[in-house]
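4 protein chains.
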Amino acid sequence: MRTGVWLIGARGSVAVTALTGALALRAGLVAPTGCVTELPELRGADLPGWADLEFGGHDVVALPVVKKAESLADAGVLPGRLVAALTDDLARVEQELRPLPSADTQAQTAAAITADLRDFQQRHALDRVVVVDVATTEPAPEPHAAHWSLAALRTALRGAQPVLPASALAAYAAFEAGCAFVDFTPSTGARLPALAELAAEAGLPYAGNDGKTGETLVKSVLAPMFALRHLQVTSWSGLNLLGGGDGANLADPAANAAKVASKQRVLGDALGYTPEGTSRIEHVAEIGDFKTAWDLITFAGFLGTGMRMEFTWHGCDSALAAPLVLDLARLTAAAHRAGRHGPLTELGFFFKDPLGDGPAGLTAQWDTLVSFSASLGRTR
Amino acid sequence: MRTGVWLIGARGSVAVTALTGALALRAGLVAPTGCVTELPELRGADLPGWADLEFGGHDVVALPVVKKAESLADAGVLPGRLVAALTDDLARVEQELRPLPSADTQAQTAAAITADLRDFQQRHALDRVVVVDVATTEPAPEPHAAHWSLAALRTALRGAQPVLPASALAAYAAFEAGCAFVDFTPSTGARLPALAELAAEAGLPYAGNDGKTGETLVKSVLAPMFALRHLQVTSWSGLNLLGGGDGANLADPAANAAKVASKQRVLGDALGYTPEGTSRIEHVAEIGDFKTAWDLITFAGFLGTGMRMEFTWHGCDSALAAPLVLDLARLTAAAHRAGRHGPLTELGFFFKDPLGDGPAGLTAQWDTLVSFSASLGRTR
Amino acid sequence: MRTGVWLIGARGSVAVTALTGALALRAGLVAPTGCVTELPELRGADLPGWADLEFGGHDVVALPVVKKAESLADAGVLPGRLVAALTDDLARVEQELRPLPSADTQAQTAAAITADLRDFQQRHALDRVVVVDVATTEPAPEPHAAHWSLAALRTALRGAQPVLPASALAAYAAFEAGCAFVDFTPSTGARLPALAELAAEAGLPYAGNDGKTGETLVKSVLAPMFALRHLQVTSWSGLNLLGGGDGANLADPAANAAKVASKQRVLGDALGYTPEGTSRIEHVAEIGDFKTAWDLITFAGFLGTGMRMEFTWHGCDSALAAPLVLDLARLTAAAHRAGRHGPLTELGFFFKDPLGDGPAGLTAQWDTLVSFSASLGRTR
Amino acid sequence: MRTGVWLIGARGSVAVTALTGALALRAGLVAPTGCVTELPELRGADLPGWADLEFGGHDVVALPVVKKAESLADAGVLPGRLVAALTDDLARVEQELRPLPSADTQAQTAAAITADLRDFQQRHALDRVVVVDVATTEPAPEPHAAHWSLAALRTALRGAQPVLPASALAAYAAFEAGCAFVDFTPSTGARLPALAELAAEAGLPYAGNDGKTGETLVKSVLAPMFALRHLQVTSWSGLNLLGGGDGANLADPAANAAKVASKQRVLGDALGYTPEGTSRIEHVAEIGDFKTAWDLITFAGFLGTGMRMEFTWHGCDSALAAPLVLDLARLTAAAHRAGRHGPLTELGFFFKDPLGDGPAGLTAQWDTLVSFSASLGRTR
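Which chain is which? The protein sequence lines are A, B, C and D, in order. Start counting the first sequence at 1; every next residue gets the next number (this note's numbering). Start counting the second sequence at 381; every next residue gets the next number (this note's numbering). Start counting the third sequence at 761; every next residue gets the next number (this note's numbering). Start counting the fourth sequence at 1141; every next residue gets the next number (this note's numbering).
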């Protein structure tokens, strides 16, 4: 099962960490810590192996992958010796990266993306390709009538005015090229009726949105804990301090709003009500790739007694996200092979803001994932 | 289903909070926050209602229940207005409390306890009585040959030397009186082969041990989170600062050891390995009934990247424990009625160190509890 | 030395806590915890005693002081028994409270305030009166040419358009009545050239701004610690979660901006540079009168090694502010008596954003305060 | 002013960080972050410059300095590029390190240490040498009569039984060699009457004990904050989690006791009373050279209102200690040159458990240090 993984934002921290890790796993240099598809409960599924994966991608920046990997090593995200050992492999991936096309009309841009995808698939004789969006978060797009129907969308894309945000254009182009699509960001991606129509027509699966890597992951187990104990959460407030490229981008209020909404959804879903409080994001360049989140939860117990819990999460977003990117690529490829199409609602385990109406608690999401994995066949 | 709840340690903080709360629930003065048997998933079971419960108990101290309730109100554990409104009801419960018997031999002491239980059951025409141990934690007992067989135990109890710790003597007496038994503490309780033999012979169920109210509750959701994400927990260290009577008692190293072992078990069970670190308990009288626990968790992610999480839990142990005491009394009574006997291993949801080999993760324990509850009949 | 203390915002939490505490201290019911003027180093100054103080004040709300005190007792800010014991005394203070005047022109309003102050002073035969602003924080005012000269200001006040924010109008009226003025809030108060001119003309002292009660107090000792150890603070970010009236008011972005600026000033002053990061304020009604602030400080040590510190402050703002209000009233009265006029720059110990260019570190501010206190005479 | 710095424990983390840093400063490769003698207030003193310092030392282990520096770079304590750039310089220092002598009697061992010191001084034509103990913490020694008089000590040292702990023997040998002595650890060092007698006789200064690098540093500013605000600290509890060599050593209860006592002294000194609570140390190998300390402080404010503060300190002990080692060597050398002898009580700024009865608050200690520095002459 030769599988291509095409990364939108291929020169960013998450992508380069995922690339380096996949190469290291293929070379047997590291253990698959953080890869949930390597847990016993999921290992039975017929997923592409590390040696079956081929990587390529688009980016708007030009920094060579090896340089990016070295800077991640300096920042403590990647082990320096690993980067040194994989320099040649990374240089080979460099050959598969392309500048993100940009043409006069979005139809032309999409065609250029599609051409890159087809070329990638043919040159490597890949059975299928999964496109994964790990580019920085976009502002929420303006509503547009063409978002509601594929026919209207095709017409509009040929106009001079952009009609889709970049993430949705990438999903459109992926589907046109016969590729499955994963949106690891809170951006729009495939979440438009016109694109759902296209995926259905093309028989392609897609997954998303917004990888659940830190504070929200913790929320997805703590909120059910309060619910199962019948404790009343009276407020839940948080502050996320993060540097790095995504941090700077999220300082933009429009992008921030998308992310913040995505982060609070889990509380309402898991508790059945939305407690007071918000989750803020603030850019602190000095903090770099390691993010610090602090949450204060106040709650009432028996007879109304007020109590409280705080937590601080100090995690490296790239190190948390990268193995999930690989997991999602493998699972989505297997789903494609197994004939699944449309939204993969069983993958809520991975996302802050999952497609569909699945459970919000992490353990329930895990149970769903285990069943999903089992349904993909065990021929390996 | 008239049900007696007999509390060992009936004048302590947990017992008086449970008593006050049950009276308030019966009077419709409060919502059942913190009572898991009032969640929709468990509400269907045929459990005794608040009006079906009659309370009595033993204690070695003599402080009137109303005085204790008032001091808990001063400490912020109980609402003062609730205590004032329930003074008459609490005074009625006062009539059902007895000094804990103490005679020349443990056989005589047990007989006196049994007589108190039978008298309580008869005077109130109760269908059954559940004995709940909420007394302070004991040191681990010396091993004794008579712990291994009921016949040997009966003989040894008639000797001049004590052979059972107080919690186990209470379980013995409860079983002799035909009562189910719940050990809410880390003490021995019914956990001796001779007592298992007696419970089997008498057809009685029992539950335990050590109510899961704070730091360990959090561990039971966080440890599975790390496991499900294939993250490697490299150390987990904690400090519990607590005042109150239990705090002073736990400053005794022997009692402390029992509690600490109970608190760490969840990590090994949920992770499949035991990370470095210990969980310490320290008595700080000034902190009173509110306990502060701090935990530091270090973990490794993809490619070995080191990350960390801290949490602080500031909870009122009595307010967290009391509703669970009521839940356990109701569930154990229903199990008794349904003909269940021996260890109720399905109640791991409530305990730090549960009987049997059930799952360690809170959500899996919840699923087990829901099934158990459903099996108890839905005739209400 | 009969001294009046006139509180602007006399029915708010800080004022009522200060009132209740002063009455309790006069009655000998409590120790003067939190009152720095009762420390040995300051006790020598010739300050008015607790029995020398008479209280009055203005407010726009009408909630009786006793009711407010009872609600503070319910919230855990005041001991209920103390409020009960002082009900008569609080009712006597109630007689001295007046609705904040509001007339057609600000000149008329000021005259009404002045009349209230003179009436208060005469009825009680007070040697002097200190006006203390503890009203909620105002937005920063629009600049106005009349702020720059007393003559222009007097003219403008007679116009139909308001020219001064409420806090500055209070300072104006206080000076007109011959009273010293303390601004315990971040509002404008006496900080306008026209008001400085008036204070100089009238020979009156004034103090401010913004009582230093929580997070900023901690900053004022931690920032010097980093500086004295030659450690480089690379970022300092904070989040303040607070309920209560002031919390709701500070959710207003304009008021928030004034407060946030005030909170960050200490870092630049103490470190000699301003590290990255901001200090945010968020209203969480559920948290009530107890405020939780969390700060993350990252810093570089020898050879650039990155390190970090976090702190959480869980304080009751009213309980922290009230004794300082009493301290400031006593010290300002003594300064007035000693012939001091203009800005009392030696009182930086008490303020987030002190008048003048004094030191930012708490210990240096303390040394200044001790000298100031000594200079006020020791005739008591 | 050619000055030797002789490190006892020269191959440990603190020593190698200090060595590397001093070489980097001499080469102009880094800024002197963390060196307080480079702050403007102290820069005027006539201290030896970076180029005036020559390093040597003793250790019981044999790991080459360059290897140790490389392992510190891997652990994130030292920048890898700096270690690479200084390899030759470190190799030169390697030539000056000697195995710690150990002979049949302590008198012979001391003579061998003294000989090494004299040889070092002569070969490099040093004006003077400061011996600094940065070896791991010792258990508190058994009392011995010979500790009380120099004559008795000299006799006892010639016996077969050891009479001095290693740190005190090092101080003895240093004084015999005419060298000043700094004890950066909580070990005995020069703190014995017999050694005070020797230092006086030889006209030599000494300093100590126990470098103040983390939790205690924070305590030394927070405790005065509570005192200056007249807030009553009701409990102060802490847990220090640390890996590395010193962590393992401190897991030994005897060494731990010495350290813990040293860590709590500051509270009693700064507050005037000792609040409830203890400061614990626990070894967690996984945490390595970065230490995490958590403290919970409960305190009472106005009218007894209970409040609380927590802090977490995540610091690299070696990076915090190393610049202070250099500062102390420079200051002690200058004191020696200026004719100071006996305990340098003015250096309390640097120590957890300072010699003499100086102030406990950091700012007061700073003021003392500035005066001391000024008294050492400004001829540079």
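Among the hints, a few may not be true.
[What the hints assert, rightly or not] Stretch by stretch, here's where chain C covers chain A in the computed footprint (C-beta under 8 angstroms, at least three residues):
hint, segment
1, 23-34
2, 142-150
3, 277-284
[Unchecked claim] Just some of the chain C residues that point at chain D, by a computed CB distance under 8 angstroms:
hint, residue
4, E798
5, L982
6, P984
7, Q992
8, V1020
9, A1021
10, G1061
What the hints contain is simulated information worked out from the structure, not anything from laboratory work. No residue lacks a Cβ here, since even glycine has one placed at the ideal position from N, Cα and C.
Evaluation of the provided hints:
1. 23-34: Result for this restraint: violated, n = 0.
2. 142-150: The restraint on the segment 142-150 of chain A is violated, since only 0 of its residues have a Cβ under 8 angstroms from chain C and three are required.
3. 277-284: Answer holds; 5 residues pass the 8 angstroms Cβ test.
4. E798: Holds - the Cβ of E798 (chain C) comes within 8 angstroms of chain D, reaching about 6 angstroms at its closest.
5. L982: holds, 6 angstroms
6. P984: Holds: closest Cβ of chain D sits about 7 angstroms from P984 (chain C), inside 8 angstroms.
7. Q992: Constraint on Q992 (chain C) satisfied, holds at 5 angstroms.
8. V1020: violated, 21 angstroms
9. A1021: Hint on A1021 (chain C): violated, closest Cβ of chain D at ~23 angstroms, above 8 angstroms.
10. G1061: Nearest chain D Cβ about 4 angstroms off; hint holds.
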